[in-house]
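One-letter residues, chain by chain:
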Amino acid sequence: MIIQTKKGEIKLPCLEVKIVDINLVQANNYNPNTVSSQNMALLEESILANGFCFAVVTIWDPDLDKYVIIDGFHRYLIFRDYLQAKELPIIVLEHDITKRMEATVQFNRARGVHQVELMGDLVQALVEQGVPDEEIAQKLGMEIEEVFRLKQITGIAELFKNQIYSKAWEMREVDGVG
Amino acid sequence: MLKQVYTNNTVLEAARERISYIFDEFENIIVSISGGKDSTTLAHLTLTEAHKRGRKVGLFFLDEEVVYDSTIKQIEYLMDLYPENTIKLWLQLEFHLTNATSLTESQLICWEAGKHQIWMRPKNQISIKHKPWDVTKETVRDKNKGFGFYDAIENFENSRQNTAFLVGLRATESPNRWRAVSKNPGYKNIYWCTKMTNGNVSFYPLYDWNFHDVWKYIYDNKLRYSKIYDYMWKKGMGLQEIRVSSLIHEKSFRALVELPEFEPKTYDRLLKRIKGISVGNLYGKDRALLRVQKLPKNYKNWREYRDFLMATYPDPEKKEIFVKRFAKHLDNDYVARQQCRQLVLNDYENNLPIDNKPDPREVLIQKWRELL
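Quick note, the sequences are listed as chains A and B, same order. Counting from 1, one number per residue, gives the positions in the first sequence under my numbering. Counting from 1001, one number per residue, gives the positions in the second sequence under my numbering.
Read the hints as simulated data drawn from the structure, not as lab findings. Heads up, some of the hints might be wrong.
[As the list claims (entries may be wrong)] Under the rule of at most 30 Å between Cα atoms (straight-line distance), these lysine-lysine pairs were calculated in the DSS-like manner:
id, chain 1, residue 1, chain 2, residue 2
1, B, K1235, A, K139
2, B, K1265, A, K167
3, B, K1123, A, K99
4, B, K1088, A, K6
5, A, K167, B, K1188
6, B, K1222, A, K161
7, B, K1088, B, K1235
8, A, K7, B, K1319
9, B, K1123, B, K1265
Since the model is a prediction, treat every value here as computed from it, not as a measurement.
So that you can see chain A by itself, here it is in the shape it has in the complex (with noise of 0.2 Å):
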């Protein structure tokens, strides 16, 4: 399957998920990218309440006898480690090691950033839909102090509405040693 653009055809591998025994899967020995464990605990949850939607991206390597990982290396061990799965959805690309290095980067550096502010929206939508901020907190792998500082709408100023003013102080030439 292809799918026709004004730039040419486009292959879409996407289509083409197999499912392979996760033991003859393995990781590659360059990839750059580390996930921290707060957010592996999210990608459990999303996994979890979402299922497994992008099939991890390999290639057949004939010396190893193996799958090599190209993305989504921490998704397998999401399934190997934590949820001891036995089988793992995976596409084969046909790529040199030039290109597989290229193709790791693309795949984790291509992605967006959340705008802090749009963030504190949706959480501020989550907490009027009845959401407690435990459950905000949990599902959106967040420590409870970022949703306590998410939903706050007001702004800082706010926080010093109750601050009493500092006394003034001056310089003063004072005889004798204080």
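Chain B: place on chain A using the hints.
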């Protein structure tokens, strides 16, 4: 003996009295604004007094072009607070800024002529677009660096006479600076000011305010403030460390790390405006690359890494500056790490000066050797 003495006033009452005193003493008053919380507070206090007295004060903003959109919105807000009492002194003219994140484009000329298509934004209708001083008498601190931010401020100040310049400097914010300015009275018996040329004086009416006083004032008066403060707070920063800084200066390139999350459009325009922005964004918090605290693993020591950075430094003119400067330094790892930092941050201006002394580690080792 000069001592710090507490009075029975609050900082708010005291600041109002100080500002009132300046209005009594000076016909011409100009407040420097940056879009930050301190100068917002100072501008509001001063404008309130001007309004009460039916007087006019200048609001001076030196626009570096490469700033948060939120800063510009804040400046527009302040300029329109009391239009009948405000003289708008918004300067948008060419001067040099250091770009700490790129080795090939080490200086940005803001508002550079001919580049208006890639300027961060068009110039503002109300702004002053030509140098409002005699260019034949213009002063430049360092000819090598070219006409910079502080030169623009200095020449602007020197173009005025008998003027009170109000600045939102606070002693708790920069104790060093405070000690430097508070040693002697700068005007009559006033310590919270600095004497300048042409009968001009810089005053610091908020010198004894703490950051929470500033926020309290902003809250009480329902003032608008830069959105960046809220974003930083939401990102988990401490209330004390939150400040709105310039985007590309060598001490503030870390602002680039969060820029895409705060103002994605500003970030996109910045990418087109100047090189090195994505490097600052990706590695601004990476200890190895830009903060230069961890030796990259391919090098035995900092001296070796420094020699590599020197050998591969892309700009021959700037390289000469480093060669000359480093020749005066001791050759040890302690000094070499700081030299690496200057090279990596492209700090040919010596903004992050090098502490040139024997390596404290080696000194310690030597001491033990002698003892044993």
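_Violated constraints from the hint list, given by number and in increasing order_ = 2, 3, 4, 7, 8
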